[in-house]
Structure formats: structure tokens, C-alpha cells
Amino acid sequence: NAGVTQTPKFQVLKTGQSMTLQCAQDMNHEYMSWYRQDPGMGLRLIHYSVGAGITDQGEVPNGYNVSRSTTEDFPLRLLSAAPSQTSVYFCASRWDRGGYGYTFGSGTRLTVV
Amino acid sequence: EDQVTQSPEALRLQEGESSSLNCSYTVSGLRGLFWYRQDPGKGPEFLFTLYSAGEEKEKERLKATLTKKESFLHITAPKPEDSATYLCAVQADDYKLSFGAGTTVTVRA
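Residue numbers (my numbering), protein chains in the order written: chain L, 1 to 113; chain H, 1 to 109.
Hints may contain errors.
Just some of the chain H residues that point at chain L, by a computed CB distance under 7 Å [as the list claims (entries may be wrong)]:
1. Pro-40
2. Lys-42
3. Gly-43
4. Phe-46
5. Lys-68
6. Phe-72
7. Thr-85
8. Ala-92
9. Phe-99
10. Ala-101
Everything labelled a hint here was simulated from the structure, so no lab data went into it.
Where a beta carbon is used, it is the ideal one built from N, C-alpha and C, also for glycine.
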């Protein structure tokens, strides 16, 4: 099925550990992005990419790293997890033919203890 | 700085009781305003993109409208399956979306 696939769905990390959240899309979208969602707040942009090899920072990039080696994949790396990074993370890709909009994945719920 | 404010935070409706959700925005040069639906534990699901003041879009019991300062999502004769959190977002440049905190709608049978 066409769409955005995120793995894992749930993850518990200890403070200081590192991990990679995976995101893949099969719609050949050039633009991809990562958001975090916290209670009472809107989704906030972490990083985005406008194509393979091109990434840039969003609103809350500190503590996160991204790369884009292929059109399909856009992984998000937590270098040294902190409790403040406990959140739900969403990956999205954008279509831009005949108007535009964003397709979101189902999310990764991350808890840092 | 782009700002998006949604009201009310929560809305409880009886089945069949129509109502409206508000999304007020401040942005320099709107490229698009988006409405999404989000169910608990799921990712946002696309509903509409509005591009300019005066534009309207409909999907089943939902109708979205846009002015230069705000957008409304009208829910006509809601059903329990319309219960969800509705998110509004604006895009001012090519790359960054700004989201509101959402309105949680509960429809009782």
C-alpha cells in the first residue's frame, strides 16, 4: 500500500542511548519531514528534506540528526537521548501535483527514562 | 513568526448537532491552509487544502472555509465516527508547516 511507513511503533530508551527512527515512503515524493507531537502543543517541525542529499533544520532541531541518501528513506537519529525527547514522532511526505498536501505516517511513541 | 490558534480546545456534541471549529492564523504570505483529522494513536489524516480567501471545500459532513484571517471547519449533523482531534496548519514558505494545538471533538449517540 502506498504511504509513509514508520518503525518502530514504540520504543523505550535510557538517557544517553542513541537510536534511529525509520521512515520510508513509496510515492516518489521529493519533500519529507519529521515532526514531534507533545500534549497541548501543535506538531513541531524537527528537520526536513527537499530531495536526496538535501536536508535543513526546522523549529526544534537540537539533539536530532538526519540524512537523505535516497528519495524513499528519511531516518531520524537521536544522538544521546534525553527525557525531554519523550514524545510521539511523525514522518510526513508531501505531494505537489494538482495542489499539495502532506501524508503522515502512523508515528513512533518514544519514551526516554 | 507564524501563529495558528484553534478554538475551542474541546467540543462535545450530540449526534446530529451541527457546529464549527475555528482556526485563526497570522502568517506573511499564505501558501496553503490544511485541515487534518487525527484519531488516538494514529497519524494525522489529510482532509483539505485551502489556498485563497473565499475558497470552500467539502467532504461528506465536513466543510472548510477560508478568510484572510481564519478558517472554519463546519461539521454538519455529526455522527459518533466523526469523533477525533482536528488539526489546522498553515504554510507560508515552501518548506515549513505551522500547526495549531487542535480541537478534540466528541460526538455522543
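(message) Would the hint on Thr-85(H) be counted as holding, given a Cβ-Cβ threshold of 7 Å to chain L?
(response) 10 Å, violated
(request) For the hint on Ala-92(H), just tell me whether its beta-carbon gets within less than 7 Å of chain L. (result) Cβ of Ala-92(H) sits 12 Å from chain L, so the hint is violated.
(message) Take the shortest C-beta to C-beta distance between Phe-72(H) and chain L; is it under 7 Å?
(response) 18 Å, violated
(request) Would you settle whether the hint for Lys-68(H) is holds or violated, based on the nearest Cβ-Cβ distance to chain L being less than 7 Å? (result) 20 Å, violated
(message) Checking hints one by one. Is Gly-43(H) an interface residue toward chain L, by the C-beta closer than 7 Å rule?
(response) 4 Å, holds
(message) Take the shortest C-beta to C-beta distance between Phe-99(H) and chain L; is it under 7 Å?
(response) 3 Å, holds
(request) Answer holds if the nearest beta-carbon of chain L is closer than 7 Å to that of Lys-42(H); otherwise answer violated. (result) 6 Å, holds
(request) Hold the hint about Pro-40(H) up to the distance rule: shortest CB distance to chain L must be less than 7 Å. (result) Not OK, violated: Pro-40(H) not within 7 Å of chain L, min 11 Å.
(message) Under 7 Å is the threshold here; is the Cβ of Ala-101(H) close enough to any Cβ of chain L for the hint to stand?
(response) Status holds, d = 5 Å.
(message) Quick check on Phe-46(H) please, does its C-beta sit within 7 Å of some C-beta on chain L?
(response) 5 Å, holds
Checked against the numbered hints above, the structure breaks hints 1, 5, 6, 7 and 8 and satisfies the rest.
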